[in-house]
Each structure stands twice: as structure tokens, then as C-alpha cells.
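Given only the sequences and the hints, what does the whole structure look like? Please build it.
Chains A and B, in that order, give the protein sequences. Everything in the first sequence is counted per numbering that gives the first Met the number 0, starting at 0 for the first residue and increasing by one. Everything in the second sequence is counted per numbering that gives the first Met the number 0, starting at 0 for the first residue and increasing by one.
Errors might be hidden in some of the hints.
List of simulated lysine to aspartate or glutamate pairs, DMTMM-like, C-alpha gap at most 20 angstroms [as the list claims (entries may be wrong)]:
#1 LYS34(B) with GLU262(A)
#2 LYS34(B) with ASP138(A)
#3 LYS248(A) with ASP212(A)
#4 LYS34(B) with ASP212(A)
#5 LYS34(B) with GLU263(A)
If you want the ones that stay clear, here's a sample from chain A, every Cβ over 12 angstroms from chain B, calculated [as the list claims (entries may be wrong)]:
#6 SER46
#7 LEU71
#8 GLU77
#9 HIS83
#10 ASP208
In case anyone wonders, no lab produced these hints; they're calculated from the structure. Computed from a predicted model, the values in this text were never measured in an experiment. Ideal placement from N, C-alpha and C gives every residue a C-beta, glycine not left out.
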Amino acid sequence: MSRIVAASKKPTWIALGIALALQTGLISLQARRRIDTSFVRVWILDSLAPMEKLVDRSTYSLGYVWKGYVALIGIHDENERLSHQVDELQMQLQRNREDLVELQRLRAMLSLSSSDTGKTVVARVIGRDPARSQTVTIDKGTTHGLRPDSAVITPAGIVGRVIHSSNFFSIVQLIVDSQSAVGVLLQSTRRQGIVRGTGGRELDLDYIDDDNDLKAGDTFLSSGLDRIYPKGLPVGVITSVGPRRGLLKTVQVRPSVDLGRLEEVICIIEHTENIDVADPAQGASSP
Amino acid sequence: MTIYPMPRASTFGIIGKFAVAIVAVVVIQGILSFKFTLFGFFDLPLIFSVFYGFTLGNPVASIVIGSSLGLMQDSLSGAVLGANGLSKTIIGFFAATAVAKFAVDQPVTRIFALFLFTIGDGLLVTILGLMVGPASGATYSGALSGWGLSAMFNALLGLVLFAYHDWWNATT
Chain A
0 MSRIVAASKK
10 PTWIALGIAL
20 ALQTGLISLQ
30 ARRRIDTSFV
40 RVWILDSLAP
50 MEKLVDRSTY
60 SLGYVWKGYV
70 ALIGIHDENE
80 RLSHQVDELQ
90 MQLQRNREDL
100 VELQRLRAML
110 SLSSSDTGKT
120 VVARVIGRDP
130 ARSQTVTIDK
140 GTTHGLRPDS
150 AVITPAGIVG
160 RVIHSSNFFS
170 IVQLIVDSQS
180 AVGVLLQSTR
190 RQGIVRGTGG
200 RELDLDYIDD
210 DNDLKAGDTF
220 LSSGLDRIYP
230 KGLPVGVITS
240 VGPRRGLLKT
250 VQVRPSVDLG
260 RLEEVICIIE
270 HTENIDVADP
280 AQGASSP
Chain B
0 MTIYPMPRAS
10 TFGIIGKFAV
20 AIVAVVVIQG
30 ILSFKFTLFG
40 FFDLPLIFSV
50 FYGFTLGNPV
60 ASIVIGSSLG
70 LMQDSLSGAV
80 LGANGLSKTI
90 IGFFAATAVA
100 KFAVDQPVTR
110 IFALFLFTIG
120 DGLLVTILGL
130 MVGPASGATY
140 SGALSGWGLS
150 AMFNALLGLV
160 LFAYHDWWNA
170 TT
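Structure representation (C-alpha cells):
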């Protein structure tokens with residue numbers, strides 16, 4: 000028996016050696032960046048992501064049937080409440096339209112071009128990373144114009160950037176990932192800074208010109224200086240300003256987008272360069 | 000005792016079943032992590048690497064299964080390609096070789112193994128990520144607490160899966 004066990008150990012070590020050499024080789028190639036290993040990722044992504052999409056579509060359809068038919072019981076009261084809400088929102092919309100007209104007039108006066116996010120494509124989130132990094136899988140890839148570093152946003156703000164793309168799917172690194180950083184400016188004072196992901200639910204302020212006037216509730220917008228995200232999109236809101244750690248105060252920022260509930264996202268495949276000009280609000284506040 | 004070679008169709012059938020199971024594990028992990036934030040703390044590929052290691056007791060098969068699970072996990076995430084592959088390969092190997100040395104049918108052994116493998120996996124993947132990728136802004140205390148939580152969740156889920164496997168074996 001001992002001979003059988005001893006004899007059967009040889010293929011084990013060979014298999015272990017081959018597997019370790021293969022995985023170490025892949026890692027080493029990425030470190031040296033001499034050979035592009037992205038084809039391995041593209042193959043596997045293109046093979047597995049359709050299954051994720053299929054399951055996602057199936058659960059979505061089931062949810063649609065449930066929400067559209069079964070869950071409609073007792074919907075009348077909610078309908079009434081929503082009708083009132085629609086009336087209020089229509090009034091709000093009218094006021095906003097007036098504000099927009101005024102804003103466009105002021106912009107024209109200041110010779111500023113209206114901001115534009117550029118050419119976009121809407122994608123559906125079909126999965127989250129099966130490892131520990133903060134990424135999601137979306138159902139659009141290079142065929143739809145996406146490429147690494149394409150910005151991904153929602154109407155609520157910045158979501159992240161594409162880091163890997165196959166023909167029909169892409170991996171999006173969320174802004175809360177520990178490898179992610181976004182160039183920001185404080186909405187109130189227009190001070191420039193950088194926020195960095197922590198790997199958790201919040202962002203850390205990594206750099207800012209002056210941190211003396213920071214307070215909870217302040218909003219950070221994208222500065223556009225990182226050349227990935229267009230300028231002026233909401234990034235996050237300061238939740239706490241702690242004591243100084245090194246040169247800067249410890250500032251926690253909650254992302255504007257609820258990254259735990261992503262369903263559909265907007266991918267910017269071509270964005271017009273937003274030239275960082277002095278903001279009228281800053282000019283007015285400066286002496 | 001004469002050992003007859005396994006029919007070819009049966010071999011392909013077994014390999015096919017394992018391939019389907021491996022793909023299903025990675026896809027289910029991706030979908031459940033997306034639908035339920037809490038599921039992000041679980042690492043189904045790790046649990047199944049240990050599960051196959053313990054139940055098959057075959058190091059070669061466990062290495063192949065662990066390696067495949069890890070590589071697929073890397074491809075569907077932003078992790079360095081090969082980091083989880085390397086980690087799961089080692090886990091599969093150790094889990095299979097542990098069968099001969101420890102009483103892996105005991106719940107305490109299983110919990111302890113899953114807990115240690117999860118911590119080891121987190122450590123190895125993080126170190127490889129730092130070696131290859133750009134410097135991370137994450138705090139080590141945050142990472143440690145994440146691994147701790149993940150280790151507890153994995154140990155509990157693993158225990159349930161192992162118990163189900165034992166019950167299935169006993170009834171069939």
C-alpha cells in the first residue's frame with residue numbers, strides 16, 4: 000500500500016508544478032508587461048459572462064412578472080400619492096426649466112460652452128466580482144465602443160471606469176476600489192483634490208489644496224483633470240471630518256451613487272474635453 | 000484485486016460534470032454578490048476548492064479544480080490574472096493532502112481549515128496584487144477585518160455544504 004501511495008505521489012507533484020508554473024507565469028507576464036495576457040481574460044469573460052447575463056435576464060423577467068401582476072394588489076393608494084407627487088414635480092420641473100434658461104444665458108455671456116458628457120452607451124450590470132476587488136461586470140464591450148478607462152456614470156454621479164473589455168462585456172472598477180482615485184473639486188469652494196477608494200463603502204480624501212474649510216455635507220464633483228471622468232459630475236458627499244493624520248485631516252466621503260444597487264449605467268465612449276476654466280462662483284466669492 | 004479501466008464515456012461524463020459545477024460556482028458567486036451585498040463576504044470558489052479537496056482526496060483533481068476556479072474568478076474580477084488561480088491551486092492541494100493526515104470529516108476540522116484557508120487566500124492574493132499592481136490605498140486593518148468576516152462566513156457556509164454532502168451520501 001505504501002508503495003502505491005509513494006508511486007501515486009509523483010503525478011501530484013508534476014500537476015502541482017505545472018499549475019503553479021502556469022499561474023506564476025501569468026502573474027509574471029503581467030508584472031513585466033512584455034506580453035499581453037488580456038486574451039486569457041477575454042476568452043474566459045466572453046465564455047462566462049453570457050451565462051451571468053442569462054441568469055440575470057431570467058431573474059429580471061421573473062421579477063417583472065411579480066412586480067407587474069402579483070404585487071399590484073393594494074396599489075390604488077400608492078397611485079393617488081404618486082399623482083400628487085407628479086403634480087409637485089411638474090411644478091418643480093417648470094421652475095428648473097426657467098433656471099436652465101437663465102443658466103444658458105449666463106454661460107453664453109461668459110463665453111463658456113455648455114458641458115456635455117459626449118457619446119454614451121447604456122449598459123446593464125450583470126454581475127459583481129467573484130473575488131475581493133470592487134468591480135462589476137456590464138453587458139457592453141469593445142464592440143459597443145468601450146475600452147479601458149472609459150468612464151461609467153449614472154444620473155446620480157460617477158460609478159467607476161472600465162478596466163478590462165472583451166467583445167461584448169466589460170469589467171468596471173468602482174470608485175470605492177482601493178486601486179481607484181478620482182480628481183475632484185469641492186462644490187462650494189472649488190478647491191481641487193483627489194479622493195481614493197478604500198475597498199470598503201466609502202472614499203478617503205487623499206489630497207486637497209486646503210482642508211481648513213471642509214465640513215460634513217459638502218459635495219465633491221469630478222474635476223476632469225484625471226482625463227477619465229468629465230468635469231462637474233457628483234462624486235460624493237463628506238460624511239465626517241476627523242483629526243489631522245499627517246498633512247491632511249481624515250475625511251470620509253460617501254459616494255453619490257449607491258454602488259450596492261447598480262442596475263443600469265451610462266458608459267462614456269467619447270467625451271468632449273472639458274476645459275477647466277475659472278468658475279463664476281469662485282470669481283464672485285474672491286475679493 | 001483486478002482494477003478495470005473506466006469506460007471512456009464515463010470519464011468524459013465525470014469531467015463534464017466537474018466542468019459544469021466549476022463554471023456554475025463562479026457564475027453563481029458573481030450573480031449573488033451582485034444581488035446581495037452580504038454575499039460578497041462569501042468565497043464560493045474557495046469553499047468548493049476545499050470541498051473537492053476533502054471529498055475527493057485526489058490531489059491532482061483538486062489542483063486542477065482549484066486552479067480553474069481561481070483563474071475564472073480572476074477573469075471576472077479586477078484582480079491580477081493568476082493571483083486567485085495560484086492561491087486556489089495551493090488550497091486544493093493542501094485540502095486533498097490533508098485527508099490522509101487529519102480527520103476532515105469532523106466539523107471542527109472543517110471550520111478550522113476553511114477559516115485558515117480563507118485568511119491565507121486573502122493574504123496571498125493581496126501580496127500578489129501589491130507586487131504586480133499599483134500601490135493600494137487600502138488600510139491593512141480594514142483588509143484584516145474583511146478577511147476575518149469572510150473567514151467566518153466561509154466556515155459557516157462550508158459547514159452547511161459539508162453536512163449536506165454527508166447527509167446525501169448517507170441517504171443514497
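>> For SER46(A), is the shortest CB-to-CB distance to chain B above 12 angstroms, so the non-interface label stands?
In response: Non-interface label on SER46(A) violated, nearest chain B Cβ at 8 angstroms vs cutoff 12 angstroms.
>> What's the verdict on LYS34(B) and ASP138(A), does the C-alpha distance respect the 20 angstroms limit or exceed it?
In response: Holds: LYS34(B) and ASP138(A) sit about 16 angstroms apart, inside 20 angstroms.
> Does the structure keep LYS34(B) and GLU263(A) at a Cα separation of 20 angstroms or less?
Replying inline: Status holds; Cα separation ~13 angstroms.
> Are all C-beta atoms of chain B more than 12 angstroms from that of GLU77(A)?
Replying inline: 25 angstroms, holds
> Non-interface claim for LEU71(A): all C-beta distances to chain B beyond 12 angstroms?
Replying inline: Consistent with the label, LEU71(A) stays out of reach of chain B, its closest Cβ about 23 angstroms off (over 12 angstroms).
>> Need the status of pair LYS34(B), ASP212(A): alpha-carbon distance at most 20 angstroms?
In response: 39 angstroms, violated
> Does the alpha-carbon distance linking LYS34(B) and GLU262(A) stay inside the 20 angstroms limit?
Replying inline: Within the cut-off at roughly 10 angstroms; holds.
> Do the alpha carbons of LYS248(A) and ASP212(A) lie within 20 angstroms of each other, as the hint requires?
Replying inline: 11 angstroms, holds
> Non-interface claim for ASP208(A): all C-beta distances to chain B beyond 12 angstroms?
Replying inline: 19 angstroms, holds
> Is the Cβ of HIS83(A) more than 12 angstroms away from each Cβ in chain B?
Replying inline: With a cut-off of 12 angstroms, HIS83(A) remains clear of chain B, as the shortest Cβ separation is near 33 angstroms.
Hint compliance for this structure: hints 4, 6 are not met, and every other hint is.
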